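*Asks:* With the hints as constraints, model all of the structure from the sequences given.
Order-wise, the sequence lines are chains D and W.
This note's numbering puts the first residue of the first sequence at 2, with every later residue one more than the last.
This note's numbering puts the first residue of the second sequence at 2, with every later residue one more than the last.
Just so you know, the hints here were simulated from the structure itself, not pulled from any lab data.
Each hint should be verified, as a subset may be incorrect.
Below, a list of computed lysine to any residue pairs in the SDA-like style, where the Cα atoms sit at most 25 Å apart [said to hold, decoys possible]:
{"no.": "1", "chain 1": "D", "residue 1": "142", "chain 2": "D", "residue 2": "164"}
{"no.": "2", "chain 1": "W", "residue 1": "13", "chain 2": "D", "residue 2": "230"}
{"no.": "3", "chain 1": "D", "residue 1": "69", "chain 2": "D", "residue 2": "21"}
{"no.": "4", "chain 1": "W", "residue 1": "13", "chain 2": "D", "residue 2": "233"}
{"no.": "5", "chain 1": "W", "residue 1": "13", "chain 2": "D", "residue 2": "42"}
{"no.": "6", "chain 1": "W", "residue 1": "13", "chain 2": "D", "residue 2": "107"}
{"no.": "7", "chain 1": "D", "residue 1": "13", "chain 2": "D", "residue 2": "53"}
{"no.": "8", "chain 1": "W", "residue 1": "13", "chain 2": "D", "residue 2": "37"}
A partial selection of chain D residues facing chain W, derived with a Cβ cut-off under 8 Å [as the list claims (entries may be wrong)]:
{"no.": "9", "residue": "124"}
{"no.": "10", "residue": "182"}
{"no.": "11", "residue": "234"}
{"no.": "12", "residue": "236"}
{"no.": "13", "residue": "238"}
{"no.": "14", "residue": "244"}
{"no.": "15", "residue": "247"}
{"no.": "16", "residue": "248"}
{"no.": "17", "residue": "255"}
{"no.": "18", "residue": "256"}
{"no.": "19", "residue": "257"}
{"no.": "20", "residue": "324"}
{"no.": "21", "residue": "336"}
{"no.": "22", "residue": "366"}
The model shown is predicted, which means the values in this text are computed figures rather than measured ones.
Just so it is clear, CB atoms sit at the ideal spot from N, CA and C, and this is done for glycine as well.
Protein chains: 2
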Amino acid sequence: MTTGPVAASRSKTRGVVLNLIRAGRTVSRVELAANSGLTPPTITQVVRELMEYGLVVEVGRGTSTGGKPPTLLQLNPQARYSVGVLFERNICVVVITDLAGRPVARTSFHGTELLPPEQALPLVASRVEALLGTAGVERDKVLGVGLVSYGPQDRRAGVLLSPQPTAVWLGYPIAPKLSELLGMPVMLDNDAAAAAIGEYWLGAVEQGSTYGCVYMASGIGGAVVSAGEVYRGSSSNSVEIGHISIDLNGEECSCGNFGCLENYAGPSAVIRQAFATDGLARRLGLDPLGIDCLADFALIAAAAADDPTARELIERSARHLAVGAVTMATLFDLDLIVLAGSSFAAAGPTFRSLIEREVQRRCFARRAHPVRVVQSVSGSDAAAIGGAVLVLQSELAILDPPRPA
Amino acid sequence: MTTGPVAASRSKTRGVVLNLIRAGRTVSRVELAANSGLTPPTITQVVRELMEYGLVVEVGRGTSTGGKPPTLLQLNPQARYSVGVLFERNICVVVITDLAGRPVARTSFHGTELLPPEQALPLVASRVEALLGTAGVERDKVLGVGLVSYGPQDRRAGVLLSPQPTAVWLGYPIAPKLSELLGMPVMLDNDAAAAAIGEYWLGAVEQGSTYGCVYMASGIGGAVVSAGEVYRGSSSNSVEIGHISIDLNGEECSCGNFGCLENYAGPSAVIRQAFATDGLARRLGLDPLGIDCLADFALIAAAAADDPTARELIERSARHLAVGAVTMATLFDLDLIVLAGSSFAAAGPTFRSLIEREVQRRCFARRAHPVRVVQSVSGSDAAAIGGAVLVLQSELAILDPPRPA
Numbered sequence: 002m003t004t005g006p007v008a009a010s011r012s013k014t015r016g017v018v019l020n021l022i023r024a025g026r027t028v029s030r031v032e033l034a035a036n037s038g039l040t041p042p043t044i045t046q047v048v049r050e051l052m053e054y055g056l057v058v059e060v061g062r063g064t065s066t067g068g069k070p071p072t073l074l075q076l077n078p079q080a081r082y083s084v085g086v087l088f089e090r091n092i093c094v095v096v097i098t099d100l101a102g103r104p105v106a107r108t109s110f111h112g113t114e115l116l117p118p119e120q121a122l123p124l125v126a127s128r129v130e131a132l133l134g135t136a137g138v139e140r141d142k143v144l145g146v147g148l149v150s151y152g153p154q155d156r157r158a159g160v161l162l163s164p165q166p167t168a169v170w171l172g173y174p175i176a177p178k179l180s181e182l183l184g185m186p187v188m189l190d191n192d193a194a195a196a197a198i199g200e201y202w203l204g205a206v207e208q209g210s211t212y213g214c215v216y217m218a219s220g221i222g223g224a225v226v227s228a229g230e231v232y233r234g235s236s237s238n239s240v241e242i243g244h245i246s247i248d249l250n251g252e253e254c255s256c257g258n259f260g261c262l263e264n265y266a267g268p269s270a271v272i273r274q275a276f277a278t279d280g281l282a283r284r285l286g287l288d289p290l291g292i293d294c295l296a297d298f299a300l301i302a303a304a305a306a307d308d309p310t311a312r313e314l315i316e317r318s319a320r321h322l323a324v325g326a327v328t329m330a331t332l333f334d335l336d337l338i339v340l341a342g343s344s345f346a347a348a349g350p351t352f353r354s355l356i357e358r359e360v361q362r363r364c365f366a367r368r369a370h371p372v373r374v375v376q377s378v379s380g381s382d383a384a385a386i387g388g389a390v391l392v393l394q395s396e397l398a399i400l401d402p403p404r405p406a
Numbered sequence: 002m003t004t005g006p007v008a009a010s011r012s013k014t015r016g017v018v019l020n021l022i023r024a025g026r027t028v029s030r031v032e033l034a035a036n037s038g039l040t041p042p043t044i045t046q047v048v049r050e051l052m053e054y055g056l057v058v059e060v061g062r063g064t065s066t067g068g069k070p071p072t073l074l075q076l077n078p079q080a081r082y083s084v085g086v087l088f089e090r091n092i093c094v095v096v097i098t099d100l101a102g103r104p105v106a107r108t109s110f111h112g113t114e115l116l117p118p119e120q121a122l123p124l125v126a127s128r129v130e131a132l133l134g135t136a137g138v139e140r141d142k143v144l145g146v147g148l149v150s151y152g153p154q155d156r157r158a159g160v161l162l163s164p165q166p167t168a169v170w171l172g173y174p175i176a177p178k179l180s181e182l183l184g185m186p187v188m189l190d191n192d193a194a195a196a197a198i199g200e201y202w203l204g205a206v207e208q209g210s211t212y213g214c215v216y217m218a219s220g221i222g223g224a225v226v227s228a229g230e231v232y233r234g235s236s237s238n239s240v241e242i243g244h245i246s247i248d249l250n251g252e253e254c255s256c257g258n259f260g261c262l263e264n265y266a267g268p269s270a271v272i273r274q275a276f277a278t279d280g281l282a283r284r285l286g287l288d289p290l291g292i293d294c295l296a297d298f299a300l301i302a303a304a305a306a307d308d309p310t311a312r313e314l315i316e317r318s319a320r321h322l323a324v325g326a327v328t329m330a331t332l333f334d335l336d337l338i339v340l341a342g343s344s345f346a347a348a349g350p351t352f353r354s355l356i357e358r359e360v361q362r363r364c365f366a367r368r369a370h371p372v373r374v375v376q377s378v379s380g381s382d383a384a385a386i387g388g389a390v391l392v393l394q395s396e397l398a399i400l401d402p403p404r405p406a
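*Replies:* Structural data, given as structure tokens:
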């Protein structure tokens, strides 16, 4: 959320103009002035700087509205690149995006959850280096790395405040250490916030929308974006909908709250319910040590193939998730909810229709405006792509990327 | 929430400067430039305009830091006034505040809930006129009226979207009609949002805080303020915590959701529970037709006097409210929760300590920062005072108050 004082810094101005050029695909200086509220001389000056940096190029002339046809500007997407790393309990996804936020390369791998940080982070770093090599992206064109993971976090310090995957990670300076290994700036952020802002950058959400993202991978998180900015709250540990209580009689959660949504609707809960259902696990060949993400889970396939028991478990998860989605829509007054993360990539349609029905029936502001529910355009890579986008969006980094000594 | 483009309008600049002068009590032009990020020439120009309007006065000189001691500026609180009207199911509160947001007169009355709009609004208008007369406030110094009430609302059109107190109010243009009767601009807003912003203006909340307000009068509402701005969402119908579900097995609420917090913790629910408790209503002399607000309710007095049954009912309400408060703090990542509204004015201490204990134990971001819970500094007038403050804050109104023809 932007705050009070009026005078915007130079870099903020550049970021606003760059973002308008990106969003507009091709745009004239006159349109930029109209859309930004900045004066024509400021636009001329900022565009000159962006062209000097090679970020923006002229691409011919538009239609005349009387006088000389205006010169059109376009982003130069190959001018810079960004890396997004999703660090999950059981999977890592690495993507490289161009300056427009479009993925140009990706890889994913399992196994970091078994390693202490001193071994896991060099593995992540080597995968990033390898992907840059494969994609033929020069290091000095890389603005930095957006490392995204679950909360709570100390975002500024780049430290996880959660004992996940294991207790040694609690308080570990994950972003500074990865930065040291890669010799690049690394920003830590929340996975759901990244997924949400990625949707916006990739044009899947209207500019003025106030929308929420429900992010389900191995756990359940959330984020809210209003007019293109992530709602941050006091410490960027906001919208943790997996840990709101939906059941007065619920049991205590490891987070300290009770009756937490994640323990009813999350992948671990659904798998627990599946193993507690007579014969189901054996019938479907479920692996008790399998990965706790619905996307990788035979239950989804069985539900899709109309196994009534499997289907009931998935629908139960969706109904519980809908309770959280209604709470989120009622508190943040949302007009859209995006479902993102690997669990929705596979089972999305079931969740989407059920959650939309409940939100439209129960959300407090439904008399004021409709609330739609959609699936992410980025599938299970949403958070990693969003991590790269968060680096792009950090307009200081765009023009003055700190470089390793 | 403020949005993208950088260039601020003139009126926004004036509003920022006026607000800094208000908040600083006495302040120099140099300090204003430093605190606003505006250039010294802009500050000089804006201060000149504010002095021409009589809103700001010079009040002597500060301490020299080498050169000439700086001239100090101060708000002229008697330059303008604002009216706040709380329109509740069963009570109306009218306050007049000066330009600093300090109440200079107030009145309250019951009975509008029994009247159709055509009779209720003339009654409200006559009370406003009478209070202006009693207080000796000239009409042409009144910037306007902040009319605050429950949601949902169409804030721009000034229309209630709720069938409260009776069905005829649903869709009724309450703000335009009151404006017509009074010959003054009337802004409609949410009661909890008003209470929250009032706390900020009256200096009870730190400038950078992200805080929530739980507002309990005849119902339960909420609001969130971040860096001095109310979180609005898509249609200003946000943070309706009375209508989030806290109980998976709860019954359907008239709002369309089920297991709604208000039906467990709200005044009507507590009174219902009291009448369902053997002998309690008779013992305490409760009036079944009494006003459904805990502040006016003998139960509070009995609980305070250590009646164990009464006390258990109040504490049960507080425990349920704490569930909603934890959800609000976890989703909005709050560092402070303010309890406002008439129900807390009386029973506040019990609620405060119990809610604070639960929030500090269960809120997701508690490892990142503490979360405090406090009572409103404005007692049961918080929303009405906040309504007046919302008019003051609307910086356009401050310098160019629309006048009746």
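*Asks:* Take the hints in turn and mark each one as holding or not.
*Replies:* Status of each hint after checking the structure:
1. D/142 / D/164: violated, 35 Å
2. W/13 / D/230: Holds, at roughly 20 Å.
3. D/69 / D/21: Roughly 22 Å between the alpha carbons, so the hint for residue 69 of chain D and residue 21 of chain D holds.
4. W/13 / D/233: holds, 23 Å
5. W/13 / D/42: Within the cut-off at roughly 22 Å; holds.
6. W/13 / D/107: Not OK: residue 13 of chain W and residue 107 of chain D at ~45 Å, beyond 25 Å, violated.
7. D/13 / D/53: Judged against 25 Å, a Cα distance of about 18 Å means the pair holds.
8. W/13 / D/37: holds, 16 Å
9. 124: Because about 27 Å separates residue 124 of chain D from the closest Cβ in chain W, which is outside the 8 Å limit, the hint is violated.
10. 182: violated, 26 Å
11. 234: OK, holds: residue 234 of chain D within 8 Å of chain W, min 3 Å.
12. 236: holds, 4 Å
13. 238: holds, 4 Å
14. 244: At 5 Å from the nearest chain W Cβ, residue 244 of chain D passes the 8 Å test, so the hint holds.
15. 247: holds, 6 Å
16. 248: holds, 5 Å
17. 255: Status violated, d = 12 Å.
18. 256: holds, 6 Å
19. 257: Holds: closest Cβ of chain W sits about 5 Å from residue 257 of chain D, inside 8 Å.
20. 324: holds, 5 Å
21. 336: holds, 4 Å
22. 366: Because about 4 Å separates residue 366 of chain D from the closest Cβ in chain W, which is inside the 8 Å limit, the hint holds.
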